[in-house]
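> The chain contents come next:
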Amino acid sequence: AQSVTQLGSHVSVSEGALVLLRCNYSSSVPPYLFWYVQYPNQGLQLLLKYTSAATLVKGINGFEAEFKKSETSFHLTKPSAHMSDAAEYFCAVSHSGNTPLVFGKGTRLSVIA
Amino acid sequence: DTGVSQNPRHKITKRGQNVTFRCDPISEHNRLYWYRQTLGQGPEFLTYFQNEAQLEKSRLLSDRFSAERPKGSFSTLEIQRTEQGDSAMYLCASSLAGKSYEQYFGPGTRLTVT
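In order, the protein sequence lines correspond to chains A and B. When the count follows our numbering, it moves up by one through the first sequence with no breaks and lands on 114 for the last residue. When the count follows our numbering, it moves up by one through the second sequence with no breaks and lands on 1162 for the last residue.
Be aware that one or more of the hints could be misleading.
On the chain A side, residues computed to face chain B include the following (Cβ under 8 Å) [claimed, not checked]:
{"hint": "1", "residue": "40"}
{"hint": "2", "residue": "44"}
{"hint": "3", "residue": "105"}
It is worth saying that the hints were derived from the structure and are not from the lab. From the three backbone atoms N, C-alpha and C, an ideal C-beta is built for every residue, glycine too.
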């Protein structure tokens, strides 16, 4: 079975500071990993995906994530937070990319001016 | 590409009533997924289709829930005899199997059972 653990249900950073959202996964097969963002009362928007190509993945809005197999991690980072980054972020895993996603519980990011 | 659409966006119903939600996927996408999201949680998988075939159902999907995708295009999710525990956001997503690994999500239908 696959699972995802997101450490920290709420992260608060100052505008311009580094954003680091943590995600650890468990999978018995090589995983496909995703980060999604959700703004209030909206659906989920894909930020980036890892599909066994490059381990450092760049996404939209300046976000990137690094796949570390030895640590079973896929942490999301952004060098400089903007106010518009305030949202809920979900890490997800699947075993083939086109099969159902297993999501973490999410991390709410707050950005302080 | 108009994106994934869901109707209605909000539904308030009384306990015991039946409700039906509709999802229109991106037109060329052959896979369609239903997820449920409760407050403070990540989405949980309910069921998914490839074309009109239902490939998998989660054990979360009790026998009060039924989903179909009759012509491989839009899908409906029906909940019979609603319970207060069914209150949640119901999300639909679609993807193109074999071409990309991205699931595109709709805006969701928020169900409130009173």
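> Determine for every hint whether it applies to the structure shown.
For each hint, the structure was consulted:
1. 40: 10 Å, violated
2. 44: 4 Å, holds
3. 105: 5 Å, holds
The structure fails hint 1 only (numbered hints given earlier).
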